[in-house]
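Novice: Sequence:
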Amino acid sequence: MVRYAFDDSNLVEKTAKSRGQYLRVHFKNTRETAAAVNGLKLQKAYAYLGNVVDKKQCIPFRRFNGGVGRTQQAKEFKTTQGRWPVKSVKFLLALLKNAETNAEAKGLDTEQLVIRNIIIQQAPKTRRRTYRAHGRINPYEGHPVHAEILLSEPAAQVPKAASTDVVRLNKRQLAAKRVSAARAGATKA
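According to the numbering used here, the sequence shown is numbered sequentially starting from 1.
Hints were generated in silico from the structure; no laboratory data involved.
For clarity, every value in this text was computed on a predicted model and none was experimentally measured.
C-beta: ideal position from N, C-alpha, C; glycine also.
Please note that a few of the clues may not be correct.
Stated by the list, open to error - With a cut-off of at most 30 Å between alpha-carbon atoms, the simulated DSS-like pairs for lysine-lysine come out as follows:
1) Lys87 - Lys97
2) Lys106 - Lys125
3) Lys125 - Lys160
4) Lys56 - Lys14
5) Lys97 - Lys177
6) Lys90 - Lys44
7) Lys41 - Lys87
8) Lys106 - Lys90
9) Lys55 - Lys41
Stated by the list, open to error - Label-pair restraints from in silico Cβ distances:
10) Val167 - Asp54: 14 to 24 Å
11) Thr164 - Tyr4: 22 to 32 Å
12) Arg128 - Gly66: 17 to 27 Å
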């Protein structure tokens with residue numbers, strides 16, 4: 001059995017998983033793309049990622065944002081920096097489709113599925129070399145990823161219990177209440 005980073009042992013029948021290893025996409029771009037869709041409903045995530053491919057919406061870059069250009073489309077996410085990492089989006093779309101197929105095989109309602117967790121981890125770097133001036137050689141590394149996606153049906157909404165207004169008093173307030181109760185009892189007697 002393959003180990004997943006997210007433990008879903010207590011809700012196995014309500015979840016569907018998908019994973020990819022050693023994917024040749026940029027780690028930083030893929031991490032930001034995953035963070036943007038984490039928590040969305042599956043259909044909304046498909047629409048959003050499709051808009052990113054069409055360059056109608058951007059992926060906001062929040063952590064790995066050094067040197068990332070600014071765009072008007074990032075205002076939607078309350079930030080200024082964003083990009084359109086098409087290759088990362090296509091890899092995540094393929095994983096989402098695979099997880100959706102796994103959900104259908106389990107008999108889950110695909111209209112209700114939510115992206116519960118996306119985990120992007122760094123895979124071992126691919127090492128190549130580039131030849132520079134004056135006979136020097138520099139490393140030319142790729143930064144592939146391991147990706148995991150967990151889809152789940154949302155739990156049924158439990159109605160909130162009727163409010164029982166319990167007044168919490170501190171020691172000083174309790175003492176004052178005892179004194180006033182004692183005085184009221186003394187006047188009646």
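Novice: Decide, hint by hint, whether the structure agrees.
Specialist: Structure-based check of each hint:
| no. | hint | verdict |
| --- | --- | --- |
| 1 | Lys87 - Lys97 | holds (16 Å) |
| 2 | Lys106 - Lys125 | violated (35 Å) |
| 3 | Lys125 - Lys160 | violated (50 Å) |
| 4 | Lys56 - Lys14 | violated (33 Å) |
| 5 | Lys97 - Lys177 | violated (64 Å) |
| 6 | Lys90 - Lys44 | holds (15 Å) |
| 7 | Lys41 - Lys87 | holds (22 Å) |
| 8 | Lys106 - Lys90 | holds (25 Å) |
| 9 | Lys55 - Lys41 | holds (21 Å) |
| 10 | Val167 - Asp54: 14 to 24 Å | violated (57 Å) |
| 11 | Thr164 - Tyr4: 22 to 32 Å | violated (41 Å) |
| 12 | Arg128 - Gly66: 17 to 27 Å | holds (23 Å) |
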